[in-house]
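Enquirer: Following the hints, position chain H against chain Y.
Protein chains in written order, with this note's numbering: chain Y, 1498 to 1820; chain H, 52 to 307.
Note that these hints are calculated values from the structure, not bench results. From the three backbone atoms N, C-alpha and C, an ideal C-beta is built for every residue, glycine too. It is possible that part of the hints are untrue.
Covered by chain H, according to a simulated footprint, are these stretches of chain Y (three or more residues, beta-carbon under 8 Å) [to be verified]: (1) 1515-1526; (2) 1745-1753; (3) 1757-1768.
From chain Y, some residues computed to sit far from chain H (all C-beta separations above 12 Å) [as the list claims (entries may be wrong)]: (4) ARG1621; (5) PRO1642; (6) ASP1772.
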Amino acid sequence: MATNKAPILDIDALRMAYHARGAAIRALEGATLQVGEGESVGLVGESGSGKSTLARAALGLLPENVARIESGRMTLAGRDVTHLSPAQWEALRGNPVAMVFQDPLSFMNPVMRVGRQIAESVIRHTPGLAVEPRVRELLELVKLPASCAQSYPHELSGGMRQRALLAVALGCKPKLLVADEPTTALDVTTQAEILALLRELRRELNMGMLLISHDLGLVAESCERIYVMYAGRTIEWGTTQQVFRESKHPYTQGLLEAAVAARNAEGRFHTIGGDPPNLAELIEGCPFAPRCEQAKPECRTRMPDATFIATQPPHAVRCVLYP
Amino acid sequence: MTTLLELSHVSKTFRRSGGAEVAAVKDVSLAVAPGETVALVGESGSGKSTLGRIALGLLRPDTGAVSLEGRDALAMSESEFRARRTLMQPIFQDAGASLNPRRTVRELLAQATTRQDALEKTAVDLLDGVGLRPGADYLARYPHELSGGQRQRLAVARALAAEPKLLIADEPLSGADVSIRGQILNLLIDIKEARHVAILMITHDISIARAFADRVAVMRLGELVESGPAKEVLSNPKHAYTKQLVAAVPVLHPHA
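Excised from the complex, chain Y in its bound form:
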């Protein structure tokens, strides 16, 4: 058990590959993640680490024709959703799980007024409710003026659009909000406002949140627990304190040093040598081994299971340095 609260989302050792043109991209090779009720969980990793793929898996949004789940298990609000059909997923999206993405414009209907779009989500998930007052209430919740209901998405600024999309998501009363780089396209001052809003909403609505980001500082400020991914594997997880201040995996340590953007005594920036692995190639052993300064010969042949450094609260790492 990775959390004390009942998990809304529980992903265990998920393995998934994209198959196209005779090649397989092993996007997830043992991804583990839990989000408890009302809990905020961060998922960090670099591009190609599989963090967005994992988020899409949790929403049933993997492209059905090319994505194949090979093993592992995924439950959402207690229900096994590992192998649901698109139609079955359709019933779960919005409630219990809703999402916001990096670019709200591509997820909103450009020719429909914002109020209508929020109303649609309300009608769909709570039919019979007086729609107009609820739309006003949702706009108020995300701190948008009521007049925004009459606007089209392109008439709003980036930050307002993200708020509007959030209102659409909240209209479904989700138990879990998956936010994939929700502020990456925004300026830092707008980003700070959206993050504060998310924090407030989560507390008010007791909603779980899975926040996916490449920005470690952002995740550190917004989440209670953190999962670190590398090459499709969850390699370390625990409380924000454990992962960021007592990090164990050499990759997590390197990533944190690189993220601080400070220069060492020689005037150099911290960096991790080499490049992330190509997931189309078969990776034997630990995928980080070729870039790892502490790698041992066995790292090239074996990727260990998770070891728990602490159990109360749990802090796990997948690395031979911690047998």
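Expert: Okay, now just chain H, sitting in the frame of chain Y:
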């Protein structure tokens, strides 16, 4: 010490199709000395990229003066400007998109260098210099055969091929992952030290500006709101907007 690039009281207004005017840059003055690293920071719409394009001679300001090594860049003839333009080389955010996909590394570097006599050796030296080693192994490759970090290195090598005195880098790190970012920054530091090249880095990343640049200029809505030594301005900002900007950056304290 004469300045390398000097923008004085530069303004630029764009006209939208509806007739509305957008003052992108308003009365901005900024100078870069030889070998100096200057960061131009601001949020989107602050005018920092427009100013960068004016500096590169890609845009002509409505009013104000631009001088290159003390000479009026706006009054130069086309041919003189072309000759002088190699003094400054741009590096863009998306290195992949700025490299012709149908040219090999050898061809990409050959187009940019003035040393047509010792092409092969120059190309190999440039590649070695940006950490693509051994350089000879990369000559026959195409951009798509390189990783994102390697492409950004190639873009830097190509910029250096013209032997510039100033690199103007517009968000050179936004597309790069955290673990690669340090490699590119260290490369720019090496180049600056080895070749005494000045760097004007346009960025929205306050923490990088603070750690990387000698001086920083903060822009907001087309105006320069604060400038000075990077550490001083970004650690102890005076202007209300700079304060707000610095406070909004999420901070990581792994060893705190």
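Enquirer: For every hint, state whether the structure bears it out.
Expert: Hint-by-hint comparison with the structure:
1. 1515-1526: Violated, because only 0 residues of the region 1515-1526 of chain Y bring their Cβ atoms closer than 8 Å to Cβ atoms of chain H.
2. 1745-1753: Check passed, 3 qualifying residues.
3. 1757-1768: holds (count 9)
4. ARG1621: For ARG1621 of chain Y, whose nearest Cβ neighbour in chain H is about 34 Å away, the distance exceeds 12 Å, so it holds.
5. PRO1642: Fine: 21 Å to the nearest Cβ keeps PRO1642 of chain Y off the interface.
6. ASP1772: violated (5 Å)
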